[in-house]
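Number of protein chains: 2
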Amino acid sequence: MRPRLLLVCLLLPTLALADPLPSWRAGALKTSIIGFVDAVTTPGADFVPAEARIAVFDNDGTLWVEQPVYTQLVFAADRVRALAPSHPQWSTQPPFDAVLADDLDALAEAGHHAILELVAATHTGLSSAEFAALVSAWIAEAHHPRFDRRYTDLVYQPMLELLAYLRAEGFKTFIVSGGGIDFMRPWTEAVYGIPPEQVIGSQIELVYEIGDDGQPRLMRQPEIGFVDDKAGKPVGIARHIGRRPILAVGNSDGDYQMLDWTTSGDGPRLSLLIHHDDPEREYAYDRDSAIGRLDQALDDAEGKGWRLVSMREDWLRVFPAAPSTPR
Amino acid sequence: MRPRLLLVCLLLPTLALADPLPSWRAGALKTSIIGFVDAVTTPGADFVPAEARIAVFDNDGTLWVEQPVYTQLVFAADRVRALAPSHPQWSTQPPFDAVLADDLDALAEAGHHAILELVAATHTGLSSAEFAALVSAWIAEAHHPRFDRRYTDLVYQPMLELLAYLRAEGFKTFIVSGGGIDFMRPWTEAVYGIPPEQVIGSQIELVYEIGDDGQPRLMRQPEIGFVDDKAGKPVGIARHIGRRPILAVGNSDGDYQMLDWTTSGDGPRLSLLIHHDDPEREYAYDRDSAIGRLDQALDDAEGKGWRLVSMREDWLRVFPAAPSTPR
Chain A
6 MRPRLLLVCL
16 LLPTLALADP
26 LPSWRAGALK
36 TSIIGFVDAV
46 TTPGADFVPA
56 EARIAVFDND
66 GTLWVEQPVY
76 TQLVFAADRV
86 RALAPSHPQW
96 STQPPFDAVL
106 ADDLDALAEA
116 GHHAILELVA
126 ATHTGLSSAE
136 FAALVSAWIA
146 EAHHPRFDRR
156 YTDLVYQPML
166 ELLAYLRAEG
176 FKTFIVSGGG
186 IDFMRPWTEA
196 VYGIPPEQVI
206 GSQIELVYEI
216 GDDGQPRLMR
226 QPEIGFVDDK
236 AGKPVGIARH
246 IGRRPILAVG
256 NSDGDYQMLD
266 WTTSGDGPRL
276 SLLIHHDDPE
286 REYAYDRDSA
296 IGRLDQALDD
306 AEGKGWRLVS
316 MREDWLRVFP
326 AAPSTPR
Chain B
6 MRPRLLLVCL
16 LLPTLALADP
26 LPSWRAGALK
36 TSIIGFVDAV
46 TTPGADFVPA
56 EARIAVFDND
66 GTLWVEQPVY
76 TQLVFAADRV
86 RALAPSHPQW
96 STQPPFDAVL
106 ADDLDALAEA
116 GHHAILELVA
126 ATHTGLSSAE
136 FAALVSAWIA
146 EAHHPRFDRR
156 YTDLVYQPML
166 ELLAYLRAEG
176 FKTFIVSGGG
186 IDFMRPWTEA
196 VYGIPPEQVI
206 GSQIELVYEI
216 GDDGQPRLMR
226 QPEIGFVDDK
236 AGKPVGIARH
246 IGRRPILAVG
256 NSDGDYQMLD
266 WTTSGDGPRL
276 SLLIHHDDPE
286 REYAYDRDSA
296 IGRLDQALDD
306 AEGKGWRLVS
316 MREDWLRVFP
326 AAPSTPR
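Top to bottom, those sequences are chains A and B. Heads up, the first sequence is in our numbering, so the first residue is 6 and it goes up one at a time. Heads up, the second sequence is in our numbering, so the first residue is 6 and it goes up one at a time.
Be aware that a few hints might be false.
The list treats identical chains as one, so a pair stands whether inside a single copy or across any two.
Dumping the calculated EDC-like pairs for lysine to aspartate or glutamate here, alpha-carbon to alpha-carbon at most 16 Å [what the hints assert, rightly or not]:
#, residue 1, residue 2
1, Lys-309, Glu-174
2, Lys-235, Glu-214
3, Lys-235, Asp-258
4, Lys-177, Glu-56
5, Lys-235, Asp-300
6, Lys-309, Asp-258
7, Lys-177, Asp-108
8, Lys-309, Glu-56
9, Lys-35, Asp-304
10, Lys-35, Glu-166
Since the hints were made in silico from the structure, they are not lab data.
Construct the entire structure; sequences and hints are all you get.
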């Protein structure tokens with residue numbers, strides 16, 4: 006190799022990594038993230054081959070905003086309102102009654118399972134393709150009540166940088182969310198760079214059948230097949246990935262088992278817990294919040310070796326400066 | 006870029022693709038496979054972006070030998086025999102009685118579901134990690150009764166070339182098998198270059214729990230969670246991949262729906278059906294075989310546009326020349 010080319014080849018990685026995480030404030034946390042990545046990618050005692058560099062991320066509250074209610078709940082509520090005229094019984098039937106009464110607190114309390122119930126009930130008789138089209142149309146238009154931006158513009162800039170940095174270092178990045186897998190897949194590739202086959206989430210049952218047009222289709226059933234939350238997260242990881250992650254990021258007690266499963270493996274491990282303590286730029290909530298409750302995991306984080314990320318202290322910027330999603 | 010370097014860069018792809026499928030006999034089939042790959046990777050009307058180049062492969066009878074019985078059945082039978090002394094009731098209880106009487110015909114007739122039942126019953130009370138260790142130890146030692154080679158050396162050389170060729174052309178290759186997902190994952194990466202997260206198969210239920218040693222683990226339950234066969238294959242594809250493949254390869258009626266789902270999508274599609282018609286080098290079976298029955302798919306192949314692969318005519322070599330798996 007010619008000397009000048011050699012020099013370029015040697016310098017390129019250094020240049021690229023000069024600051025892979027510009028929205029993370031310099032300090033012990035940022036140093037430990039980069040130190041972990043350096044350790045597992047550099048030949049030596051802590052080296053991890055690329056194929057085992059599995060990184061898993063919760064979605065709601067970890068990659069994008071989950072307050073005042075989960076985005077998927079807003080989507081499902083819009084659908085309930087649209088279908089309500091032909092379902093008069095919903096006005097007294099939970100969780101539909103809460104939607105129709107705009108009782109967000111009751112809905113938030115009901116959690117991911119209520120969302121799945123709403124989605125299952127209001128999206129029966131649709132094929133997978135039809136559902137994906139509904140999601141895509143909705144997510145392109147709906148706006149967050151406080152920030153007046155589309156939800157896909159309310160993703161966390163520091164997390165976008167972390168995802169890109171890890172992939173540049175040979176990691177494979179996965180979403181492991183309590184939310185519906187089919188609600189996320191239509192847009193995760195464009196927004197996070199995470200393709201559908203690396204999205205794990207809660208599922209309703211699907212049935213393969215031949216439609217009236219003679220074409221095969223996958224029909225969504227009014228039945229929950231899998232809840233990818235709490236102890237379901239390591240199960241979802243086992244089903245989809247088949248190996249234990251070495252890096253996990255979450256923000257609530259729903260991520261406890263995923264973080265525990267990740268850090269209890271052999272060799273170097275990193276688990277991060279995002280603490281929403283930034284009421285001005287985003288929200289502040291933990292132990293008393295129905296959405297994204299962070300209680301037990303906050304108590305145990307230090308003993309388990311999980312690193313807390315303070316949104317207020319550790320993130321120089323919360324959201325991307327300009328809307329990232331083209332209309 | 007310097008002229009000589011530019012020349013090397015331009016020539017490299019051509020050189021590498023001179024004959025990407027050396028074990029496939031020159032002819033219409035080979036031409037159509039390469040023509041399909043060229044079409045979807047070349048800018049133009051049939052171009053498919055890399056992220057949508059999803060290729061799915063059945064395993065038993067498509068990537069490796071499935072006669073005289075599925076390899077996983079041999080594994081499960083070995084386990085039944087080992088545990089039989091402490092389960093006297095098995096001597097009269099199907100499908101255990103067939104195993105203990107060495108009645109391979111009855112077992113073959115019972116199919117994938119019986120395998121899952123045997124595996125579920127004989128591998129209860131094990132963690133995922135313990136099960137993977139059992140599989141790894143078994144597959145490293147067990148030999149095929151006719152060929153006296155390890156099962157992982159009885160993979161099809163032409164299919165190894167097709168997998169490598171597709172990956173070199175930007176495809177992502179997945180296994181979609183009726184066999185057990187956890188029986189395949191310990192060895193598919195070394196043997197096929199397909200990582201665990203791209204292996205889809207039948208599943209037994211898993212439960213996440215904290216063991217007596219205080220460490221989390223995933224325990225295998227005596228309950229079948231998902232059967233990835235026939236109409237289950239497109240469902241498995243939807244759950245794991247979330248988009249429709251553009252290329253599918255199978256060899257039996259169990260692959261019918263996977264092939265149909267693949268070819269009924271828009272744009273260029275390729276489905277191949279491997280016909281076992283080579284009794285000298287491998288086996289000859291189709292309509293009357295309990296293992297890998299090929300009947301309806303054989304009738305409908307021409308009308309559906311699925312290409313038949315004649316093992317005898319189209320493959321210059323069936324197995325790798327030398328054992329591919331290091332001891």
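Right, here's what the structure says about each hint:
1. Taking the closest pair of Cα atoms, Lys-309 and Glu-174 never come within 16 Å of each other, the shortest separation being 26 Å inside a single copy and 44 Å across copies.
2. For a Cα distance limit of 16 Å, the shortest separation of Lys-235 from Glu-214 across copies, 11 Å, qualifies, whereas the shortest one inside one copy, 33 Å, does not.
3. When the C-alpha separation of Lys-235 and Asp-258 is checked against a cutoff of 16 Å, the pair qualifies only within one copy, where the shortest distance is 7 Å, while the shortest distance between copies is 39 Å.
4. Taking CA atoms no more than 16 Å apart as the test, Lys-177 paired with Glu-56 passes in both settings, with 8 Å inside one copy and 15 Å between copies.
5. In this assembly of identical chains, the alpha carbons of Lys-235 and Asp-300 lie at most 16 Å apart only when taken from the same copy (13 Å versus 45 Å across copies).
6. Taking the closest pair of Cα atoms, Lys-309 and Asp-258 come within 16 Å of each other only inside a single copy of the chain (14 Å); across copies the shortest separation is 50 Å, beyond that limit.
7. Proximity of Lys-177 to Asp-108 under the C-alpha cut-off of 16 Å is found in neither arrangement, the shortest distances being 39 Å within a copy and 45 Å between copies.
8. For a Cα distance limit of 16 Å, the shortest separation of Lys-309 from Glu-56 qualifies neither inside one copy, at 25 Å, nor across copies, at 37 Å.
9. In this assembly of identical chains, Lys-35 and Asp-304 lie within 16 Å of each other by CA distance neither inside one copy nor across copies; the values are 22 Å within and 62 Å between.
10. For the homomeric pair Lys-35 and Glu-166, the shortest alpha-carbon distance inside one copy (12 Å) is at most 16 Å, but the shortest distance between copies (44 Å) is not.
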